[in-house]
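*Asks:* Generate coordinates for the entire structure from the input sequences, incorporating the hints supplied.
Each residue of the sequence shown is one higher than the one before, counting from 349 in this note's numbering.
Read the hints as simulated data drawn from the structure, not as lab findings. Every value quoted in this text rests on a predicted model; they were computed, and no experiment measured them. One or more hints might be untrue.
Said to hold, decoys possible - Quick list of the computed label-pair ranges, beta carbon to beta carbon:
1. I368 with D451: 26 to 34 Å
2. P369 with L446: 30 to 38 Å
3. A357 with C476: 43 to 51 Å
4. G397 with D437: 17 to 25 Å
5. R355 with R481: 51 to 59 Å
6. D471 with A419: 15 to 23 Å
7. M349 with L446: 14 to 22 Å
8. L356 with P434: 18 to 26 Å
9. G427 with N400: 18 to 26 Å
10. R481 with D351: 52 to 60 Å
11. D372 with G397: 20 to 28 Å
12. E460 with E422: 15 to 23 Å
13. P369 with Q469: 20 to 28 Å
We put the beta carbon where it would ideally sit given N, CA and C, even for glycine.
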Amino acid sequence: MEDLTSRLAFRGCVQFRGLIPQEDVPDFLRSGDVFVIPSVVDASGDRDGLPNVVIEALSCRLPVVASNVCAIPEVIRDGETGFLVPQGDPSALAEAVLKTVRDRTKALEMAENGRQLVWRQFDLKESCGRMLRLFKEHSVGRPTFHADRTTHLG
Numbered sequence: 349m350e351d352l353t354s355r356l357a358f359r360g361c362v363q364f365r366g367l368i369p370q371e372d373v374p375d376f377l378r379s380g381d382v383f384v385i386p387s388v389v390d391a392s393g394d395r396d397g398l399p400n401v402v403i404e405a406l407s408c409r410l411p412v413v414a415s416n417v418c419a420i421p422e423v424i425r426d427g428e429t430g431f432l433v434p435q436g437d438p439s440a441l442a443e444a445v446l447k448t449v450r451d452r453t454k455a456l457e458m459a460e461n462g463r464q465l466v467w468r469q470f471d472l473k474e475s476c477g478r479m480l481r482l483f484k485e486h487s488v489g490r491p492t493f494h495a496d497r498t499t500h501l502g
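*Replies:* Spelled out as structure tokens, the structure:
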């Protein structure tokens, strides 16, 4: 990839950073202009579900361009929280990246929409609240659990 980057005269535009320590990931993501994840479903059917890095990029207000595969469209809504492209279509991928770079107002709007979506769907307090409501809703007629009455088995 580095050789190809040099041959195509992108050396100053693309960085190969290697492993980034986890504590540095948010600042690293925020330093970018666009996050691109061209995921594919391989011939054996192996695929990503919803890559955590997509959620991380959105939470850092980074515009995202991603393949329209697996669970990615659950958070990348084309034109709203990012751009989706068909897998294996480099022309569509390049065009979406160019749109993101050329229309910064739209890119920043999508990035903010993405951040809001992540906070609504993936915030731990909100997620636990939804889970608790589901448990309560589906436990109608069952005895209420009281932690102070729990019997410990030896």
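*Asks:* Hints first: check each against the structure and report whether it holds.
*Replies:* Verification of the hints:
1. Look at I368 against D451: about 28 Å separates their beta carbons, and that is inside 26 to 34 Å.
2. Under the hint 30 to 38 Å, the C-beta atoms of P369 and L446, about 31 Å apart, fit the expected range.
3. A beta carbon spacing of about 50 Å between A357 and C476 agrees with the range 43 to 51 Å that was offered as a hint.
4. Range check, G397 to D437: Cβ separation about 21 Å, and the 17 to 25 Å hint holds.
5. One distance hint, 51 to 59 Å for the beta-carbon pair R355 and R481, holds here, with the actual separation near 56 Å.
6. For D471 and A419, the Cβ-Cβ distance of about 18 Å falls inside the hinted range of 15 to 23 Å, so the restraint holds.
7. Checked against the given bound of 14 to 22 Å, the beta carbons of M349 and L446, roughly 20 Å apart, stay inside it.
8. Separation of L356 from P434 is about 23 Å and conforms to the stated range, judged on CB atoms against 18 to 26 Å.
9. For G427 paired with N400, a C-beta distance near 23 Å keeps the hint of 18 to 26 Å intact.
10. The hinted range of 52 to 60 Å is satisfied by R481 and D351, whose Cβ atoms lie roughly 54 Å apart.
11. Range check, D372 to G397: about 25 Å between beta-carbon atoms, so the 20 to 28 Å window is met.
12. For the pair E460 and E422, the supplied restraint of 15 to 23 Å holds, since their beta-carbon distance comes to about 18 Å.
13. The hinted range of 20 to 28 Å is satisfied by P369 and Q469, whose Cβ atoms lie roughly 27 Å apart.
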